[in-house]
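Can you make the complete structure from the sequences, with help from the hints?
Residue numbers (my numbering), protein chains in the order written: chain L, 22 to 132; chain U, 36 to 150.
Here are the simulated lysine-lysine pairs, DSBU-like style, with alpha carbons at most 30 Å apart:
(1) L:K127 to U:K77
(2) L:K63 to U:K77
(3) U:K92 to U:K118
(4) L:K22 to L:K124
(5) U:K92 to L:K124
(6) U:K118 to L:K63
(7) U:K92 to L:K63
(8) L:K89 to L:K127
(9) L:K89 to L:K22
(10) L:K89 to L:K124
(11) L:K127 to L:K22
(12) L:K22 to U:K92
(13) L:K22 to U:K77
(14) U:K113 to L:K124
Quick list of simulated restraints, FRET-style, between CB atoms:
(15) U:N86 to L:V41: 36 to 44 Å
(16) U:E53 to L:T79: 43 to 51 Å
(17) L:S73 to U:K113: 33 to 41 Å
(18) U:K118 to L:E38: 40 to 48 Å
(19) U:S108 to L:P29: 39 to 47 Å
The set of hints was computed from the structure by calculation and includes no laboratory data. Note that the Cβ used here is the ideal one computed from N, Cα and C, for glycine as well.
Okay, here's what each chain looks like letter by letter:
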Amino acid sequence: KQEVTQIPAALSVPEGENLVLNCSFTDSAIYNLQWFRQDPGKGLTSLLLIQSSQREQTSGRLNASLDKSSGRSTLYIAASQPGDSATYLCAGKGGSEKLVFGKGTKLTVNP
Amino acid sequence: EPEVTQTPSHQVTQMGQEVILRCVPISNHLYFYWYRQILGQKVEFLVSFYNNEISEKSEIFDDQFSVERPDGSNFTLKIRSTKLEDSAMYFCASSRPQVPGYGYTFGSGTRLTVV
Numbered sequence: 022k023q024e025v026t027q028i029p030a031a032l033s034v035p036e037g038e039n040l041v042l043n044c045s046f047t048d049s050a051i052y053n054l055q056w057f058r059q060d061p062g063k064g065l066t067s068l069l070l071i072q073s074s075q076r077e078q079t080s081g082r083l084n085a086s087l088d089k090s091s092g093r094s095t096l097y098i099a100a101s102q103p104g105d106s107a108t109y110l111c112a113g114k115g116g117s118e119k120l121v122f123g124k125g126t127k128l129t130v131n132p
Numbered sequence: 036e037p038e039v040t041q042t043p044s045h046q047v048t049q050m051g052q053e054v055i056l057r058c059v060p061i062s063n064h065l066y067f068y069w070y071r072q073i074l075g076q077k078v079e080f081l082v083s084f085y086n087n088e089i090s091e092k093s094e095i096f097d098d099q100f101s102v103e104r105p106d107g108s109n110f111t112l113k114i115r116s117t118k119l120e121d122s123a124m125y126f127c128a129s130s131r132p133q134v135p136g137y138g139y140t141f142g143s144g145t146r147l148t149v150v
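Take a look at the structure:
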């Protein structure tokens with residue numbers, strides 16, 4: 022059974038700092054991994070999707086990596102801004118169609 | 036950019052009442068899903084729907100829950116007799132897994148409050 026863990030649960034950084042969010046999963050038979058952003062009381066916005074055959078994906082200031090052998094994914098945010106403040110969720114897809122989510126990292130970027 | 040649309044955004048219902056949550060998935064997607072998130076907890080899978088039938092469901096999705104695609108555009112989740120513990124944010128999602136690298140698109144959610 023796939024379990025997804027995200028560390029840390031919360032992170033507070035000053036504006037402009039580069040930061041890394043971590044995601045680990047127990048089953049290396051992962052088909053793809055998707056990072057989402059969730060603002061308070063809102064829906065899930067897809068940020069990046071990494072297929073199992075890929076090692077990383079980039080979009081603007083965001084870079085996500087996937088290491089299946091170690092069961093880890095990281096989301097790197099460069100030059101953080103107050104508008105980046107949100108909860109970041111990672112979710113893995115295995116052999117079935119369902120996504121298994123981590124609990125998220127709540128990021129606060131202070132001006 | 037295509038969106039998944041959910042209505043209503045917030046629904047308050049009395050315990051024991053039936054509720055129907057509505058979703059309009061992206062038109063060329065083939066898989067449809069419902070997930071829920073109880074306040075402060077993980078997003079949890081409820082059910083997936085493909086080719087007009089349930090393809091997978093979780094332990095949460097018991098006989099009180101049902102899904103339907105009544106026409107070519109809507110996808111609904113019905114809870115027959117709501118309980119206090121059904122209070123959560125319910126998310127609809129759709130995907131097109133036949134296209135490599137195509138992930139899931141989620142709606143903005145329906146906050147269900149059972150009183």
